[in-house]
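Chains as they are written, first to last, in my numbering: chain A, 1 to 112; chain B, 1 to 115.
No false leads were mixed into what you were given.
Computed Cβ-Cβ distance ranges for the label pairs, DEER-style:
no.: 1; chain 1: B; residue 1: 43; chain 2: A; residue 2: 11; range: 17 to 23 Å
no.: 2; chain 1: A; residue 1: 63; chain 2: B; residue 2: 86; range: 42 to 48 Å
no.: 3; chain 1: A; residue 1: 51; chain 2: B; residue 2: 55; range: 32 to 38 Å
no.: 4; chain 1: A; residue 1: 25; chain 2: B; residue 2: 68; range: 39 to 45 Å
no.: 5; chain 1: A; residue 1: 40; chain 2: B; residue 2: 26; range: 22 to 28 Å
no.: 6; chain 1: A; residue 1: 93; chain 2: B; residue 2: 59; range: 20 to 26 Å
no.: 7; chain 1: A; residue 1: 76; chain 2: B; residue 2: 41; range: 27 to 33 Å
no.: 8; chain 1: A; residue 1: 111; chain 2: B; residue 2: 15; range: 39 to 45 Å
Each computed DSBU-like pair below joins lysine-lysine, with the alpha-carbon atoms no more than 35 Å apart:
no.: 9; chain 1: B; residue 1: 20; chain 2: A; residue 2: 99
no.: 10; chain 1: B; residue 1: 20; chain 2: B; residue 2: 55
no.: 11; chain 1: B; residue 1: 41; chain 2: A; residue 2: 99
no.: 12; chain 1: B; residue 1: 41; chain 2: B; residue 2: 66
no.: 13; chain 1: B; residue 1: 55; chain 2: B; residue 2: 14
no.: 14; chain 1: A; residue 1: 3; chain 2: B; residue 2: 66
no.: 15; chain 1: B; residue 1: 66; chain 2: B; residue 2: 14
no.: 16; chain 1: B; residue 1: 20; chain 2: B; residue 2: 66
no.: 17; chain 1: A; residue 1: 3; chain 2: B; residue 2: 41
no.: 18; chain 1: B; residue 1: 20; chain 2: B; residue 2: 64
no.: 19; chain 1: B; residue 1: 41; chain 2: B; residue 2: 64
no.: 20; chain 1: A; residue 1: 99; chain 2: A; residue 2: 3
no.: 21; chain 1: A; residue 1: 52; chain 2: A; residue 2: 69
no.: 22; chain 1: A; residue 1: 99; chain 2: A; residue 2: 52
no.: 23; chain 1: A; residue 1: 99; chain 2: B; residue 2: 66
no.: 24; chain 1: B; residue 1: 55; chain 2: A; residue 2: 3
no.: 25; chain 1: B; residue 1: 64; chain 2: A; residue 2: 3
no.: 26; chain 1: B; residue 1: 41; chain 2: B; residue 2: 20
no.: 27; chain 1: B; residue 1: 41; chain 2: A; residue 2: 69
no.: 28; chain 1: B; residue 1: 20; chain 2: A; residue 2: 3
no.: 29; chain 1: A; residue 1: 52; chain 2: B; residue 2: 41
no.: 30; chain 1: B; residue 1: 14; chain 2: A; residue 2: 99
no.: 31; chain 1: B; residue 1: 55; chain 2: B; residue 2: 41
no.: 32; chain 1: A; residue 1: 3; chain 2: A; residue 2: 69
no.: 33; chain 1: B; residue 1: 64; chain 2: B; residue 2: 14
no.: 34; chain 1: A; residue 1: 99; chain 2: A; residue 2: 69
no.: 35; chain 1: B; residue 1: 55; chain 2: A; residue 2: 99
no.: 36; chain 1: B; residue 1: 14; chain 2: B; residue 2: 41
no.: 37; chain 1: B; residue 1: 64; chain 2: A; residue 2: 99
no.: 38; chain 1: B; residue 1: 66; chain 2: B; residue 2: 55
no.: 39; chain 1: A; residue 1: 52; chain 2: A; residue 2: 3
Hints are computed from structural coordinates only; laboratory data are not their basis.
For every residue, glycine included, the Cβ atom is placed at its ideal position computed from N, Cα and C.
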Amino acid sequence: DAKTTQPPSMDCAEGRAANLPCNHSTISGNEYVYWYRQIHSQGPQYIIHGLKNNETNEMASLIITEDRKSSTLILPHATLRDTAVYYCIVRFRNFGNEKLTFGTGTRLTIIP
Amino acid sequence: GAVVSQHPSRVICKSGTSVKIECRSLDFQATTMFWYRQFPKQSLMLMATSNEGSKATYEQGVEKDKFLINHASLTLSTLTVTSAHPEDSSFYICSAPGGGTDTQYFGPGTRLTVL
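The shape of chain B in the complex, shown without the other chains (with noise of 0.2 Å):
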């Protein structure tokens, strides 16, 4: 199947910095990217819908200034959390349809811990 990479794995920031996380899908192109957040013992939430040259799409709370998203490509989206803290640290995962199959495929994920 697609293959969807996510970088970093894990990070960890101090309070009021900002983080960035890329989502590649390496063997596709991807139009749509999704990102999710999944605190722990709970599911993934979707946070927003990332679209290549338009405005992401957030779902609602959530909110779009502090997690700023970029589909600079038709492979990368970006998700910076800005002014992280320590309520921000959970798992965020990406996602994106496989090129010409109608499931989606999930990146690794990424871990952020804010101190």
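Extracted from the complex, chain A is given alone in its bound form (with noise of 0.2 Å):
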């Protein structure tokens, strides 16, 4: 799978949009990028994967650059219960079969 880049931390006030980037220089043509958050001592969990269009669901907005070699999640009203550790993976889709390498991820802060 390829390896991804993201920043150790972000800040962002409460009820603004939240922007996490993901670099992933080296993705091939087929591989996807998923995003999972985990919320202090729980498990992770799913919030939305691309291919190569742009995605949005209930949760986030997920913005893939043309050249796939970067992307960013987009959380539109920041809530403080969107403080978490934020992974960007990229990886093969096999539905669900493939094991997950979770990098150090973006700790994201919500300030009241």
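Starting from the two chains in their separate frames, assemble the complex, guided by the hints.
Below is the structure:
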């Protein structure tokens, strides 16, 4: 799986949009970008994934650059409950049977 | 989304004893489950892949005789930490591919403390 690079930490004011970047310059053509988050002392939670097109769901939006070498996860209106470590993972899509390799992630702190 | 449970959520044991952690997929079947370990302020590290009806596959450096995995049914995998020592104290998390979807769902984790 392609390696990803994320900033170790970020702050965001409550109610503002949180934009979390991820670099994956070695991504191959059929690898997907997945985002998970882990709230303190809980298991990771799936957020969103995409291949090349931008994606949006009830939790977040995923913007993937045209060359697919980087992406941005957007939480449109951050709340205190969004404080967590966010992981960007790149992997082949195999209906979930492949193991996930977690990097160090970005620790997002939402400030009141 | 699919739900994965773990039991117990927290366990404290004495050094030298064995501890069993259960991972269940509640509303779907999972022929494969994954076990991760997470030390404080670190990321998740995959320990092993649990396969229903066959032996587990362990990651390099993980002792298969110390961390016994049994995937007894399509909804249950167990991880037994044998002869636990204080350095085995960690947060253990399992995951399973959500039936018919292309993502994985994680359990809430089990915090093991070995005294």
